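Colleague: Given chain V's structure and the hints, the job is docking chain Y onto it.
Chains as they are written, first to last, in the numbering used here: chain V, 234 to 1147; chain Y, 3 to 125.
Treat the hints with care, as some may be off.
Unchecked claim - Here are the simulated distance ranges between beta carbons:
| # | chain 1 | residue 1 | chain 2 | residue 2 | range |
| --- | --- | --- | --- | --- | --- |
| 1 | Y | R76 | V | G276 | 27 to 33 Å |
| 2 | V | G276 | Y | S57 | 25 to 31 Å |
| 3 | V | D609 | Y | A98 | 57 to 63 Å |
| 4 | Y | A98 | V | L551 | 36 to 42 Å |
| 5 | Y | S57 | V | R1074 | 57 to 63 Å |
| 6 | V | F713 | Y | E79 | 16 to 22 Å |
| 7 | V | G276 | Y | R83 | 24 to 30 Å |
| 8 | V | L313 | Y | R83 | 36 to 42 Å |
| 9 | V | R287 | Y | W104 | 29 to 35 Å |
| 10 | V | L313 | Y | E79 | 42 to 48 Å |
What the hints assert, rightly or not - Calculated cross-link-like contacts (lysine-lysine; reagent style BS3-like; alpha-carbon spacing at most 30 Å):
| # | chain 1 | residue 1 | chain 2 | residue 2 |
| --- | --- | --- | --- | --- |
| 11 | Y | K27 | Y | K72 |
| 12 | Y | K27 | V | K297 |
| 13 | Y | K72 | Y | K85 |
| 14 | Y | K27 | Y | K88 |
| 15 | V | K899 | V | K950 |
| 16 | V | K899 | Y | K27 |
| 17 | Y | K85 | Y | K27 |
| 18 | V | K272 | Y | K85 |
| 19 | Y | K72 | V | K272 |
| 20 | V | K297 | Y | K72 |
| 21 | V | K462 | V | K488 |
| 22 | Y | K95 | V | K297 |
| 23 | Y | K27 | Y | K95 |
| 24 | V | K803 | V | K488 |
| 25 | V | K297 | V | K272 |
| 26 | Y | K88 | V | K272 |
| 27 | Y | K95 | V | K272 |
| 28 | V | K910 | V | K899 |
| 29 | V | K910 | V | K939 |
| 30 | V | K462 | V | K803 |
| 31 | V | K939 | V | K950 |
| 32 | Y | K88 | Y | K72 |
| 33 | V | K297 | Y | K88 |
Stated by the list, open to error - Example chain V residues on the side facing chain Y (calculated, C-beta under 10 Å, incomplete):
| # | residue |
| --- | --- |
| 34 | E254 |
| 35 | L257 |
| 36 | E267 |
| 37 | A270 |
| 38 | A282 |
| 39 | H284 |
| 40 | A286 |
Bear in mind the hints are in silico, worked out from the structure with no lab data behind them. Remember, predicted model here, so these are calculated numbers, not experimental data. Virtual Cβ for every residue (Gly too), placed ideally from N, Cα, C.
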Amino acid sequence: MPMLTNLIRGMKSLLRSANVERDLDDELQGFLDESMADKQRSGYSPQQAEHLARVEMGSTNTVKHHIRSVGWETRMENLLQDIRYTIRTLLRSPGFTAVAVLSLALGIGANTAIFTLIRQVVMKQLPVQNPQELYSFGAAGAGGMLGGVDIGTVELFPYDFARQLQQQPGPFQSTAAYSSFAPMVNIRIPGSAEAIQAPGKLVTGNFFQVLQASPLLGRTLQPSDDTVKNGNPVTVISYHFWLQSMSADPTVVGKTITINSIPFTILGVMPEAFHDLKYGVRPTDFWFPLTMAPSVMVQDNILERDHYFLDMVARRNLTHSLTADQHWLDSQMRNYARAAAGATLSPARQQEIDHITTPLTSAARGLSSLRNQYGDSLLILSVIVAVVLLIACANLANFLLARAIARQREVSTRLALGSSRARILGQSILEALTLSLTGGLLGLGFAFVITRALIAFVMRGSPDTVLSAHPDGVVLSFTFAISVVAGLLFGLAPALQFARSAAGPTTLSPSTRSTANSSGRFWPKALITSQVVLALLLLVVAGLFLRTLRNLQDQSLGFERTHLLIAEIKPDIAGYTPENVPVLNQRMLESLSAIPGVRSASLADTPPISSGAWRSSMHPTGYTPGQNEEMGALLRRVSGRYFETTGVEIVSGRGLAPSDTSTATKVVVVNQTLANKYYPHGDAIGRTIGVDLDTNGPWNIVGIAKDTRALDLRGAKQEPLIYLPIVQLSGAHDSFANIILVRTVGDPTMTTRAVRGALHSVDPNLPILNIRTMQEHLDTFTSSETLISRLTSTFAILAVLLSAIGLYGVMSFNVARRTNEIGIRMALGASNSGVQWMVLRESLWLLAIGLAIGLPATLIVARFLRSQLYQMSPFDPVVFAAATIGIAIVTIVSTWLPSRRAASIDPMVALRYE
Amino acid sequence: MSIERKSRMGQHDVVQGTLEMLILKTLALEPTHGYGVATRIEQVSQGVFRVNPGSLLPALARMEQAGSVKSEWRTSENNRRAKYYKLTARGRKALAAEEETWNRQVSAIARIMQASAKATSEA
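Next up, chain V with everything else stripped away, as it sits in the complex (with noise of 0.2 Å):
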């Protein structure tokens, strides 16, 4: 402490500025002369009137330092001293001590976490300048590439349209346009043997220009790099490839790494905070001229028309309205349409274009598709998170409510000793804040453990990732800021309680013990029963999310997800043509085939349930289409023994045989919506339908299959489903398979090396970019109700265990509190059971009265959820049940223990207690 006064003496002299010294060293000459020139007049000599006077003011010094420590220094002085004196009491009951900070530091842990996601997937700006003035032409939800489209039907645009915005940009500052999508590219760096994949963006020349984005190393693309087709063989890499990969190389711009077999140069690095304007959860690692499209995305007529598989922004003018500038671009997008459709257009369809609208949209977020498929997830979390703190929050204020009580007696001698109610009160409030940043601190900690399981979680095992675990300043405050707030919140109820009872004049009277006035026993009461209420409804979040999941996976699915394995790859991209990559295939399947322990193999575009989908028009013969009727069906290509291998049941006619070979009759198996929507007379197998490819029909359905979910888990509707057989397909891009089926004997897990190695011995140049289970597929729509249905369970659950300690410990305390009147009561003859009754019925009564709050609020907050569910009512009897009976079990044991320890009260013993 010495060390401290000398710092704070040190301090002072520093800051007091020497006018205010001046003015206190004048204002006591001053009184000094007064004094000396009154005293002269009342006869004394000069040299007496001075003695005197300086008698009656005694050490300058002291009166000085008695008027400055009327200063903040001696607040501070105080303040250090109340804090010594908080933290030895708070060190006298560790016990108490370590659960409060504890459910503290899970309750702000909990938060801070939340924040810290929420914070990057939803609130954070693009790192780029002036963010606010992006403009994303419509959501740009989707990434694809789509054929025989309108402009504005879709929110993807062609290239042309593309071009002739980026020229023209009307009312905007200007426009780019990039790929919706990141295809994966071949990359070989020179030096080392193993060729790597990752994804890459084809962006127009002035797309940084448009983001304001600056490179880290070397410089941007520049609109002088997308000038020819195939003829700017230049890329900016990513922070991440540039480290991962390139070894952090400083010398790496103007170096060549070779791109799908094309040599390309380096020309800049884009710096760590740059994910891009449109990201996943996979970082885009290249970006390359839109003119290198053809080789990148290996289809040589994609910037043809016709190619709807662009994205685009505009940097507004903030001065123009929104209105106009919406009006400029749909007009510009209806011009466009109408030049496609040629001289005839009829009346209809002049309305149809007239229709065509792309809503500008904000951009100044970026895109983010982990915002669109976790944002709700993660604010719902929040709320979830917030009850939690609130629920330590009460428990705090309770068990502080509970002290002060306790020490009333030491409360009302400090008084009557002369300390100040306010310096008593600042005590109080001190100590809640010093446990509250202590939690606070220790929630930080948690905070981070928390946060990267979280993002690990989201990732699937992914190492790459736009989110990072470490707080920024924004969540420092945030945890500091809710640690004050929680800290304020519990320690006002003790702090009102000091304040009541300094003003009661006959506290010293231990009688008060006993019989303490009724608003001290109603705020504990209050505080249990919120946390009831705060708990049910936890709980019944918990349930309805574990519910959902629970419909979601069990859910039939018309394909078996056990002993499956997915491998992905891309043969495309390894330098594979239409004509060589069927001996591939028949190659794989061979060596697949091969491989002990498994069943079957079979390629297909995609797995059996994909969010990508195949889609093309069709025309089954035998059936007129309404005016105006969507004529389309979902097509999947697979092979031969794809039925065999997914466990798609065929439930009429046959599926796919070795037999159906190039050159056979070409045959398709439909899914039994196609086949009853269309022909609902059971007609559908021997008849013909007519399909939009590059290989011509007609094609002959030789069989149907059962329904299965082939997009997600959750949506209601079936589509019409197509199976071709992929050797029966041909041009630039139907020929080939991405994904590999393996059906096994035994846990598919145990075959992936052997795939990966069959592959290999297959071509060891071939990409393989991923294999995993069928489950571990299927996980993967359903990331965000597993996220949510845990943690709100995990968090419910903490919920409950908080409210069961508060409980327990406010009926302790008031047991405790009662010895003497229990022990009065017992030498009157009340029984043990009659004692443990009246404790219990306590608990039970703010019990009943948790449930008739908690019930209606869960009611209606449980309406807000409907649209979280699958195929449940928000208001499922069994959840409400289930929950209402753990509550009570949980209230019943915490108050057991209180209760028992009343009934064995001795009554001899209690009332000399005292």
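Modeller: Just chain Y, lined up with the frame of chain V:
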């Protein structure tokens, strides 16, 4: 609790806890400097109470911090630079409150003193 204490010159320090009230009252009459407050208390109490500068000046500083008085530098009647103190609105309110409390306490004490005198005489 000792209410008063003999001082060297046959005078008394002010009753404990009343110094600020007395200062407020003095300043309510007219703004003045520290020495002015001291002399006025002494004069009005006809020499019974005296305030020594060691407690007066810190009290003024405290009251200034609390906002019940404010100060400015002026030239005194003796042509010296002096710090003048003046009552603020808050100070006026504080004075009214303290006066009321004081009056209640004095009359209560007076009643107690009479009652105990009676009790002693009856015994």
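Colleague: Compare the structure with each hint and give your call.
Modeller: Verification of the hints:
1. R76(Y) with G276(V): 27 to 33 Å: Hint holds: Cβ distance 29 Å, inside 27 to 33 Å.
2. G276(V) with S57(Y): 25 to 31 Å: Check passed, 27 Å falls within 25 to 31 Å.
3. D609(V) with A98(Y): 57 to 63 Å: holds, 59 Å
4. A98(Y) with L551(V): 36 to 42 Å: violated, 58 Å
5. S57(Y) with R1074(V): 57 to 63 Å: holds, 60 Å
6. F713(V) with E79(Y): 16 to 22 Å: violated, 55 Å
7. G276(V) with R83(Y): 24 to 30 Å: With Cβ atoms ~27 Å apart, the hint holds.
8. L313(V) with R83(Y): 36 to 42 Å: Once the Cβ atoms are compared, 37 Å apart, the range 36 to 42 Å for R83(Y) and L313(V) holds.
9. R287(V) with W104(Y): 29 to 35 Å: holds, 33 Å
10. L313(V) with E79(Y): 42 to 48 Å: holds, 45 Å
11. K27(Y) with K72(Y): Distance ~15 Å between K27(Y) and K72(Y) Cα, so the pair holds.
12. K27(Y) with K297(V): Given pair K27(Y), K297(V) holds - Cα atoms ~24 Å apart, limit 30 Å.
13. K72(Y) with K85(Y): Measuring from Cα to Cα gives roughly 10 Å; hence the hint holds.
14. K27(Y) with K88(Y): holds, 11 Å
15. K899(V) with K950(V): Within the cut-off at roughly 29 Å; holds.
16. K899(V) with K27(Y): This hinted pair is violated, its Cα atoms lying about 111 Å apart.
17. K85(Y) with K27(Y): holds, 18 Å
18. K272(V) with K85(Y): Answer holds: K272(V) to K85(Y) is near 21 Å, not above 30 Å.
19. K72(Y) with K272(V): holds, 28 Å
20. K297(V) with K72(Y): holds, 19 Å
21. K462(V) with K488(V): holds, 22 Å
22. K95(Y) with K297(V): holds, 29 Å
23. K27(Y) with K95(Y): Between K27(Y) and K95(Y) the Cα gap is close to 11 Å, so the pair holds against 30 Å.
24. K803(V) with K488(V): holds, 26 Å
25. K297(V) with K272(V): holds, 23 Å
26. K88(Y) with K272(V): Holds. K88(Y) to K272(V) sits at ~26 Å (cutoff 30 Å).
27. K95(Y) with K272(V): Status violated; Cα separation ~35 Å.
28. K910(V) with K899(V): Satisfied, since the Cα-Cα distance of roughly 22 Å is no more than 30 Å.
29. K910(V) with K939(V): Given pair K910(V), K939(V) holds - Cα atoms ~14 Å apart, limit 30 Å.
30. K462(V) with K803(V): holds, 23 Å
31. K939(V) with K950(V): Roughly 15 Å between the alpha carbons, so the hint for K939(V) and K950(V) holds.
32. K88(Y) with K72(Y): holds, 5 Å
33. K297(V) with K88(Y): holds, 21 Å
34. E254: Result: violated, 14 Å to nearest chain Y Cβ.
35. L257: holds, 9 Å
36. E267: Check passed: Cβ of E267(V) comes within 4 Å of chain Y, closer than 10 Å.
37. A270: Holds - the Cβ of A270(V) comes within 10 Å of chain Y, reaching about 6 Å at its closest.
38. A282: Interface hint status for A282(V): violated (13 Å vs cutoff 10 Å).
39. H284: violated, 14 Å
40. A286: Holds. Min distance 9 Å.
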